[in-house]
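Protein sequences appear in the order of chains L and X. Residue 313 in numbering that gives the first Met the number 0 sits at position 314 of the first sequence, with consecutive numbering throughout. Residue 153 in numbering that gives the first Met the number 0 sits at position 154 of the second sequence, with consecutive numbering throughout.
Treat the hints loosely; a few may be bogus.
[Unchecked claim] To spell it out: a stretch of chain X is covered by chain L in this simulated footprint if at least three of its residues, at any positions, have a beta carbon under 8 angstroms from a beta carbon of chain L; those stretches are:
no., region
1, 36 to 47
2, 163 to 176
3, 272 to 283
4, 305 to 311
5, 335 to 341
6, 352 to 366
Since the hints were derived computationally from the structure, they do not count as laboratory data. Think of the CB as a built atom: it goes at the ideal place given N, C-alpha and C, for glycine as much as any other residue.
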Amino acid sequence: MGQSIQRRQPVKQTIFSTTLNNGIVLLGEELPGLESVAIAFHTPAGAVHDGPGRCGLATLSGEMMLRGAGDRSSRQIVDSLEGAGVQWAQSVSMSHASFAGAMVARQLPIALPIYADILRRPLLPDDQWEPARQMVLQNLAGTEDDPAHRAMSALRQLHYPSPWGMPSEGITAEVEGIGLEDVRAFVSANVRPRGTIIAIAGRIHWDAFVQSMEHLFGDWNAGATQPVVTGQRGPHVRHVQHDSQQTHIALAWPAPPYRSDESYEATAALAVLGGGSSSRLFSEVRERRGLCYSVSAGYHTLRDCAAAVCYSGTSAARAQETLDVMLTEIRRLPGTLEQAELDRVKARAKSALVMQQESSAARAGGIARQWYHLGKVRSLAEELARYDRLSVASIEAWLANHPPQELSVVSLGREPLEVPHEISA
Amino acid sequence: MKFLRERLDNGLEVIAEITDGALSTSIGFFVKAGARDETDSLWGASHFLEHMVFKGTADISADEINRRFDWMGASANAFTSEEDTVYHAAVLPEQQLEATALLARMMRPALRESDFATEKLVILEEIRMYDDQPPFGADDRCRASFFGRHPLARSVLGTVESIEALTADAMRDYHRQRYAPGNIVLAATGAVDFAALVDSARTWCGAWEPQATQPRQTMPVAWAPRADSTLEHITRASATLEYAVRMTAGPAGHDEDRFAAKLLAAVLGDDSGSRLYWALVDSGEAEQASCHHHDYLDAGMFATQLSCDAGDVVELLERIEEVYRQATAEGISPAELEQARNKLAGRVVLVGERPRHRLFSVGLEWARAGTYRSVAEDLQIVENLGMDDVRRVLDCWPLHGSGSTVLAGPYPAEASPESLDESQ
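This is chain X alone, in the form it adopts within the complex (with noise of 0.2 angstroms):
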């Protein structure tokens, strides 16, 4: 496994990872751009962005960006965060220099109004496809609750008034602004030929214009993570289950405890085997209990999702944070740090087999801190965690106490669980 880089005059950069006897190639544009980057105004633009980098170039039509892509049998799609908007295709070696091309072309979209008015139906019908489904916008509400006036309250795909006022003008000073060239990473993974690729980035964007780029909206001073508890109800009668989401403050993704706060959340709350698997789901009570930690620029989280029967899910929240008190209390066992370990030991691993998975663990690190770890490297950062680290995060952010909790089903809304609403 070998790292290049290389960094064009317009500030654009190309990374790439290349392993010796891979069969496939992956290539990415790793944007610079989420909902922390968007105003009241501009809710939902990245996203929105997103669909209309697939609507065509002022010579490229869509429906020939979609044939091209298939013709190239590329694997090709697209995903916005909070942070980063993601454009990504998987191919055989030998399409490498067609990939590479058109998804460089597509990052100078037209942004026709035509395209633009249909392509904001497909947008509402997404916002009501998520907003029929688990957990029923609880997540959304329960970011913004926790998050407050920091920019990562923001959900990303914005709400259905927010995208109906939107205008095309707008989303193209927003695109000029985040589509900057020294905003960009292009990342490559697997089978790469490494001049190619860099060949390729001067001749398609070699052109972009450079630009100042606009810092990024950080932590307001007056943002802290939150030191009270908040509980939030969605009422949906109609809904069979009970979800909750529950968010709690978490070490950011600059601090190096983060790597421990994923070994603490998988002892905690991973989908299979952790404490809350076998306090709840083992047992029938819940049909999901998880724990997972998220990690931004400036914030970080620990992130609780609980499914159950509406009329447990006040005991079992209860019971969850019992867990999680018992954790900051007595630490957890050599025998779990273990097991932990080498359960993200395996997933390394696994992902680092696929180029196009591993696409994405080199190119968000590129694009957010500007450092690249081999395999081997996450490897050994997984090995030396000990149980000193694992004991650092639960003193400095215990998952008891303080956060933002959303239920959304047909808990009755008028039955406020006190036991859990410590805050009003």
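Isolated chain L (complex conformation) (with noise of 0.2 angstroms):
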């Protein structure tokens, strides 16, 4: 061709934080270029805090939360924000409760103290209880419908321990016997400052942003930080009965958490094995034995502790081959790493960074997760640095003293596969 098109310069990036004197952390970042502004308001009560039988009580809370605060009903609520064109979303992972918004960057001041309102006022109210419940309840029916989330689900129970890998959005029988009372004493005990991260980007004012953030939360002063109890994990090897014509296989083994340098190390190696369409599962399992429609690893974090997971879905005569195919690829990893591989990965992943930057909603989400996980916002700069550092050697050496071992198997379908004893002891 003998063209070229020339390299942009580097991505400017404006990045603010503060903290409250109450211990909210505000985040902010700057995004040149947008009409929108996204916001999500994490708050420290997550599904870990659940406690025993009580699996689901994080989500009954969070769906509470939004049936009525201040002097809003639940449909005033619904009906502010959307008035307002905002798009709004509630979810509970485990470790938060998270409302969230994108919208127009001048709706920003109708829809901020209400979310101050879901956050500090929620009313718990006992008209809406009934409903609030039936609605969980439905949406864990639905799940019962979705074999693949059924399959990653009960991944997490086996790999992480307990209460770490329990479902985040509850279980039937626990949810049936949770009453609103212990909503309201989950809500006053983990709803609090302390543990909250606010993160706004997209066309922001940063200094107007913390002096309204100053104004609807400086005075919030509740709650002290809840200790969580880890237990023990579960099984190695687990079938899961279900009437369906495809096999679900989830496989799952340790990895190092977002907030350890060798993070990277772990998420490369686990993109060369199954992140891309030119990753070894994708070419082998799909692409040349046509095993299946989808296959992949990833890696996946909590805070302490993390998991290198591999997911496949195919039809029960060929779901043993695809099993032992991506076993024998897993075991391979170690040793076989070639550089055009990881140059692959590194291109993807610098590529992925940078296009973060057009959605105000995915750089919301990503600041909050880097100050969960480590504390502070890492420069998408320092991001690429770090990636530019990754080599063969160190990502060899990383699996040479972490080679996929102890794997967590989930089957899920007509008929239990055969896994190698070996393999998850």
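Need the complex rebuilt from these two chains, each delivered in its own frame; the hints are there to steer you.
Written out as structure tokens, the structure reads:
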């Protein structure tokens, strides 16, 4: 071709952070050229605090917090947000209950007081309890019909020590035993300023934002940090009976958490294994053998532990072969990494990092996640530099010290699969 | 934001929406080929062909394609719908040439017999995967029932039988017809070097033989939206919930009322904050109750989806019918209009900020209608929608009454829900 297109200047990045007196962390990133702003409130009322026999309590609490707050009813909250064109979302992870919104920047002053009411003044009213409970139960029934979701959920329960692997959406039998008084106690104990992260990205005015946060949250003082007692992990192999044409296979083994510097080596090794369409699993399982439609490997992290995760879904008759090929590729990983594979992984990671800068919602989520794991926000330049330092040698060194072993294996389908004893020992 | 276009001598169209300051470039080949262009013996061919395009050309192997996309750091994929097959890649601007060249060369695939046999297995797995998932085939069955003899009745994936029977020769013929340059639009959004884009198109696509493109199969004269109601049931004893899909007629892709139809669907059945949401989802009676408007070249429809306990499905479908009946009788309120307008405007802005999302709005609109609308023009359309527009849609396209409904789940088939079964 003989043509080339000029490489652009490095992306200019402006990140802000400050901590209010009550412990709330405020993070911001200015994204030039965007009309939108996205905000996410993460409060430390995650499912890890559910407590024994009450799996689903955090999810019920998150749902109830939206059902009336301050002087607004459940309906008025949604109507006010949607009337301002806010795309809102509420979710509960192991660590946090999160309330997020993305909108045209001029609507932010309408949205902020509503979110402040949800966090600080949830009404948790009697008349909303039964509908909220039924909604959570309906969602649980829906997940029963999603085989891939069930397989991954079972895998997390095997891999992580209790309670970190429990399903944040709840367990039907346990949700049925939870009462509104449990929700009120949970919200009062866990929704608190210390440990709350509020992140905003897009077309922002940082000083004005900090001022309004001071005004809305500055006098909020409640609750002490809730400890989490980490217990044992489960058995390594499990078959879940499910009447489906396909068998779903989910595998996990230990990986360093995101805050460990080695997480970059681990993430890169997993990307070589199953991260893109030129990855080993995609090439061997799907492209060469046509064994399945979906197969992948990836990295999943909590604050103190993490997992290398592989997944595939394939028809029952070919599931054993699929598992065998996946295991062969996993075992083959240490000692075989090629420079070209690493180059591709780096290119994909860097490109994804830059493209994230085009989305206010992705960045608001990204900077909050980094703060939770690292206690700081890494700049794009730092991240890119860290990817540059990845080498075949550094990844092989990590793999040599941490070869895939102690695998957790879940199969979900009509028939269990044969799992070689040595890989899960 | 700037829009540019160029047409090659062989008919291939090149368009770009260029955004100052964008960090990425999105590139897509939009091929006017989809399930509606298939015949019985080609059922599923468009989607199968989309997979085969990734299996390589005469001089690039499948592995090489995958390696090149990953090496560019591209987020690349493809999808097939009733009317379009789209191949797309989002890259950093410095990869524009490479990405365009690779996608362009892929449009002339080798379609090797051995790859065809292996990929057939992958397609069959994809069919099984969807068959195991909600709504357990109710959507395809409902489409077939609603569209009847219209070409839009065909499902995109095809069936196990149609895929097993498909031959590589038949696919080659289909490719020759549908992938003619006059049937393809090369679109780009974000940080685009348009001169380089046109150069790439000339280099890689300029030699493609122009062909008299086959007109698309359109609505047969005899076809009209169903005036009756049909109800079918797919038994899935192992499903936990019951899934219902209902289709009723709506404005087509050429009808100016399609925008008002989308606004009406947002008021009645958006995933949150809509009438169906407050009536059925907020109360925890349904897992999902939603309504969306879909438009095609020559037809349109409202698709309602419900999932709930099997024992409640008849009652809840009746309540949805009542929500629709009341909307026709009383219209919507000015507050609902305002809320829906703001909601749609917010979506237009957020989608507009990401070149990789904007690519689909721009490319599909050009492939279907040969028209372009900027984000500002899209916002203006939303802003201009009024009560009279919504009223007109409610009068012409009532969502209650006639239509096709399909249930899938544990609901006992013998207990036919007669209250819904007006046609039998």
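Consistency of the hints with the structure:
no.: 1; hint: 36 to 47; verdict: violated (count 0)
no.: 2; hint: 163 to 176; verdict: violated (count 0)
no.: 3; hint: 272 to 283; verdict: holds (count 6)
no.: 4; hint: 305 to 311; verdict: holds (count 3)
no.: 5; hint: 335 to 341; verdict: holds (count 3)
no.: 6; hint: 352 to 366; verdict: holds (count 4)
Checked against the numbered hints listed earlier, the structure breaks hints 1 and 2; every other hint is satisfied.
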